[in-house]
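> Which chain is which? The protein sequence lines are A and B, in order. The opening position of the first sequence corresponds to residue 1 in this note's numbering, with each subsequent residue numbered one higher. The opening position of the second sequence corresponds to residue 211 in this note's numbering, with each subsequent residue numbered one higher.
What the hints contain is simulated information worked out from the structure, not anything from laboratory work. A portion of the hints provided could be inaccurate.
[Stated by the list, open to error] DEER-style ranges, computed between Cβ atoms: (1) A:Gly76 x B:Ala272: 46 to 52 Å; (2) B:Glu323 x A:Arg73: 39 to 45 Å; (3) B:Asp331 x A:Val205: 34 to 40 Å.
[As the list claims (entries may be wrong)] Stretches of chain B that chain A covers, calculated by requiring three or more beta carbons in the stretch to come under 8 Å of a beta carbon on chain A: (4) 363-372; (5) 380-389; (6) 400-409.
Please read all numbers here as calculations on a predicted model, not as lab measurements. Glycine residues also receive a C-beta, built at the ideal position from the N, C-alpha and C atoms.
2 protein chains.
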Amino acid sequence: MPRQVREQQIIDVAVRVFAQRGYHAASVDEIAELAGISKPMVYLYLDSKEGLFLACLRREAARLVAAFQEAARGAGAAPDLRLHAGLAAFFAFVAAYRDSWVVLHRQASEPSERIAAAVADTRRAVMAEVAGLVKDGIDDVTGGEGRGARLGAEDADFVAHALVGAADSLTDWMERNPGQSPESVTVRLMNMVWVGMRGVLDGEVWLPDG
Amino acid sequence: MPRQVREQQIIDVAVRVFAQRGYHAASVDEIAELAGISKPMVYLYLDSKEGLFLACLRREAARLVAAFQEAARGAGAAPDLRLHAGLAAFFAFVAAYRDSWVVLHRQASEPSERIAAAVADTRRAVMAEVAGLVKDGIDDVTGGEGRGARLGAEDADFVAHALVGAADSLTDWMERNPGQSPESVTVRLMNMVWVGMRGVLDGEVWLPDG
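Please put together the full structure from these sequences, using the hints given.
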């Protein structure tokens with residue numbers, strides 16, 4: 001069996017075990033056994049428990065980003081439809097690949113500096129992707145000028161942070177409301193933020209002193 | 211020196227050390243030394259490294275929730291002003307007590323089940339507080355009936371998750387944009403979500419098919 005295939009099999013099992021047990025409690029012994037491969041072979045292929053976890057993190061992050069990008073790109077030119085498609089792909093991914101999401105979402109920055117750095121890289125990639133879409137949305141509504149002067153790259157980055165944080169957090173809400181489809185979560189979120197963004201672009205501004 | 215005072219001193223130091231080093235790399239030896247107290251005494255008061263971390267987590271979470279509640283309650287009756295005041299207090303807390311925020315925000319669910327449970331409790335308390343404010347906001351705009359039938363407790367919980375997730379994530383944006391005051395971050399976020407919520411309540415709904 002080619003090394004490439006073997007590695008993917010080990011990573012498949014490792015994602016499941018890390019998601020179920022958490023990084024510290026997960027054991028390479030168990031992963032090796034479930035993958036039907038010797039422990040030295042796991043170390044040969046993926047170096048260490050940390051290396052194994054990094055491989056899981058990178059593969060699942062790449063899948064998630066690809067799902068978002070492909071959906072957004074396939075949704076035509078309108079930025080709101082592209083954002084909607086991207087978010088729908090995100091929530092569908094989380095619903096379908098629970099273990100992948102647990103590995104990406106719940107294994108914070110603690111285990112090691114390399115893992116913390118990999119998590120930060122992933123988040124930056126997602127943020128840049130979303131900020132790009134938001135910037136297009138702003139340019140689309142404003143024609144890239146006039147009212148657009150009020151909202152630029154810094155604002156797009158702000159909106160992207162708010163949006164990504166909201167989407168992260170809503171995966172918990174989705175878990176507690178299993179009757180809600182990924183699509184309905186997406187439309188709700190679009191309504192919260194897109195209507196608000198459009199309102200702001202149309203000059204509707206909330207200020208604490210009225 | 212009374213035990214109560216002593217404990218608070220140890221926790222002061224521990225928050226700093228956990229924030230700087232992370233849970234796993236932090237050592238009770240260093241905490242004891244910096245607090246000017248013997249290591250056995252630290253164990254006597256706070257039981258274990260885990261107990262010490264839980265004490266940090268609980269104290270800082272209580273402070274953050276209290277800051278949010280007090281600000282929201284002191285801001286009069288209007289739900290948007292209460293939400294604004296609460297969010298402003300949140301961002302001001304994060305800016306002023308960086309170490310507390312790192313302990314609350316970055317030390318995810320990994321170290322142990324007890325810590326994961328304590329983090330989840332904190333998040334639930336914050337969520338309930340925000341959901342209450344949002345529900346008041348909905349009732350205020352709708353008079354508790356009519357259009358309000360469209361948005362109920364489930365929606366308030368949805369908005370609270372989105373809002374708390376957005377605020378969490380925006381603390382990273384704030385860190386990278388040190389020229390932005392907590393107040394300006396708050397007003398931006400209010401504009402994104404409050405204008406959107408009001409738009410939805412006024413019947414402006416975004417749908418993927420136009």
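> Tell me the hint numbers this structure goes against, listed in increasing order.
Every hint satisfied by this model.
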